[in-house]
Amino acid sequence: AQSVAQPEDQVNVAEGNPLTVKCTYSVSGNPYLFWYVQYPNRGLQFLLKYITGDNLVKGSYGFEAEFNKSQTSFHLKKPSALVSDSALYFCAVRSRLAGKSTFGDGTTLTVKP
Amino acid sequence: ETGVTQTPRHLVMGMTNKKSLKCEQHLGHNAMYWYKQSAKKPLELMFVYNFKEQTENNSVPSRFSPECPNSSHLFLHLHTLQPEDSALYLCASSQDWENSYEQYFGPGTRLTVT
Chain A
-6 AQSVAQPEDQ VNVAEGNPLT VKCTYSVSGN PYLFWYVQYP NRGLQFLLKY
44 ITGDNLVKGS YGFEAEFNKS QTSFHLKKPS ALVSDSALYF CAVRSRLAGK
94 STFGDGTTLT VKP
Chain E
104 ETGVTQTPRH LVMGMTNKKS LKCEQHLGHN AMYWYKQSAK KPLELMFVYN
154 FKEQTENNSV PSRFSPECPN SSHLFLHLHT LQPEDSALYL CASSQDWENS
204 YEQYFGPGTR LTVT
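Those protein sequences? They're chains A and E, same order as listed.
By the count of my numbering, the first sequence reaches residue 106 at its end, each step adding exactly one.
By the count of my numbering, the second sequence reaches residue 217 at its end, each step adding exactly one.
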């Protein structure tokens, strides 16, 4: 069985500071990993994904994530946070052996001016 | 988000009513999904259709009945719901349901069961 853990329900950062939203996973074999963002009253929006190759993945809106196989982590990062980054962030994993994606519980990011 | 549309955006229904949620994707994708998102629970996958065939039913109660007439349209028929079914229902699509394809989500239908 595959699973995703987002250990922090809430992350607070000041505008202009770097941000990190954590994600760890458990899956059989090599994973596909995804980050999505959800703004209030909206559906989820794809940010970035890891398939293979370079462990550092760059995505939309200046976000990036680093795949760490030994730590089974895929943390989302941004060098300088914006107030408009405040939203709910979901990490998801899919085994290459199975079609279904598993989503984490979500982390609420609040960026304060 | 504009690639996947959902109607209605808000729905209030009594426990004895029958209603349907509609989802349409304009992306040429082959897989479509229904998710339930509650305030206190993570995103729950309900159904998956790939090339119009149901490939996943995640132990969803029979009061929820999906229909996928073609690869672009997905319905969720609702009948005799319970108050605990109140949630945001999200539709999504992807190129297909395997491999590395990301999902594109609609804005959701906010359902309230009274």
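Honestly, the hints are just simulated from the structure, not real lab data.
There's no promise every hint is true.
As the list claims (entries may be wrong) - When the alpha-carbon atoms are kept at most 25 Å apart in a straight line, the in silico PhoX-like pairs for lysine-lysine are as follows:
1. E:Lys122 to A:Lys15
2. A:Lys93 to E:Lys139
3. E:Lys139 to E:Lys121
4. A:Lys105 to A:Lys70
5. A:Lys93 to A:Lys62
6. E:Lys155 to E:Lys143
7. E:Lys121 to E:Lys155
8. E:Lys155 to E:Lys122
9. A:Lys93 to A:Lys15
10. A:Lys51 to A:Lys93
11. E:Lys121 to A:Lys15
12. A:Lys42 to E:Lys125
13. A:Lys62 to A:Lys15
14. A:Lys70 to A:Lys15
15. A:Lys93 to E:Lys143
16. A:Lys51 to A:Lys70
17. A:Lys42 to A:Lys70
18. E:Lys155 to A:Lys93
19. A:Lys105 to A:Lys15
20. E:Lys122 to A:Lys42
21. A:Lys15 to E:Lys143
22. E:Lys155 to E:Lys144
23. E:Lys125 to A:Lys93
24. A:Lys15 to A:Lys51
25. E:Lys125 to E:Lys144
26. A:Lys105 to A:Lys62
27. E:Lys122 to E:Lys144
28. A:Lys105 to A:Lys51
29. A:Lys42 to A:Lys62
30. E:Lys144 to A:Lys93
Said to hold, decoys possible - Quick list of the computed label-pair ranges, beta carbon to beta carbon:
31. E:Val115 to A:Asp47: 20 to 30 Å
32. E:Phe154 to A:Gly9: 27 to 37 Å
33. E:Met118 to A:Asn34: 22 to 32 Å
34. A:Lys51 to E:Glu187: 19 to 29 Å
35. E:Phe154 to A:Ser19: 23 to 33 Å
36. E:Thr183 to A:Ser21: 34 to 44 Å
Even for Gly, the Cβ is constructed at its ideal location relative to N, Cα and C.
Tested hints:
| no. | hint | in the structure |
| --- | --- | --- |
| 1 | E:Lys122 to A:Lys15 | violated (39 Å) |
| 2 | A:Lys93 to E:Lys139 | holds (15 Å) |
| 3 | E:Lys139 to E:Lys121 | holds (18 Å) |
| 4 | A:Lys105 to A:Lys70 | holds (17 Å) |
| 5 | A:Lys93 to A:Lys62 | holds (20 Å) |
| 6 | E:Lys155 to E:Lys143 | violated (31 Å) |
| 7 | E:Lys121 to E:Lys155 | holds (23 Å) |
| 8 | E:Lys155 to E:Lys122 | holds (21 Å) |
| 9 | A:Lys93 to A:Lys15 | holds (22 Å) |
| 10 | A:Lys51 to A:Lys93 | holds (24 Å) |
| 11 | E:Lys121 to A:Lys15 | violated (41 Å) |
| 12 | A:Lys42 to E:Lys125 | violated (28 Å) |
| 13 | A:Lys62 to A:Lys15 | holds (14 Å) |
| 14 | A:Lys70 to A:Lys15 | holds (9 Å) |
| 15 | A:Lys93 to E:Lys143 | holds (22 Å) |
| 16 | A:Lys51 to A:Lys70 | holds (10 Å) |
| 17 | A:Lys42 to A:Lys70 | holds (13 Å) |
| 18 | E:Lys155 to A:Lys93 | holds (16 Å) |
| 19 | A:Lys105 to A:Lys15 | holds (19 Å) |
| 20 | E:Lys122 to A:Lys42 | violated (36 Å) |
| 21 | A:Lys15 to E:Lys143 | holds (20 Å) |
| 22 | E:Lys155 to E:Lys144 | violated (28 Å) |
| 23 | E:Lys125 to A:Lys93 | holds (22 Å) |
| 24 | A:Lys15 to A:Lys51 | holds (16 Å) |
| 25 | E:Lys125 to E:Lys144 | holds (23 Å) |
| 26 | A:Lys105 to A:Lys62 | violated (32 Å) |
| 27 | E:Lys122 to E:Lys144 | holds (24 Å) |
| 28 | A:Lys105 to A:Lys51 | holds (24 Å) |
| 29 | A:Lys42 to A:Lys62 | holds (15 Å) |
| 30 | E:Lys144 to A:Lys93 | holds (18 Å) |
| 31 | E:Val115 to A:Asp47: 20 to 30 Å | violated (48 Å) |
| 32 | E:Phe154 to A:Gly9: 27 to 37 Å | violated (47 Å) |
| 33 | E:Met118 to A:Asn34: 22 to 32 Å | holds (25 Å) |
| 34 | A:Lys51 to E:Glu187: 19 to 29 Å | violated (41 Å) |
| 35 | E:Phe154 to A:Ser19: 23 to 33 Å | holds (30 Å) |
| 36 | E:Thr183 to A:Ser21: 34 to 44 Å | holds (39 Å) |
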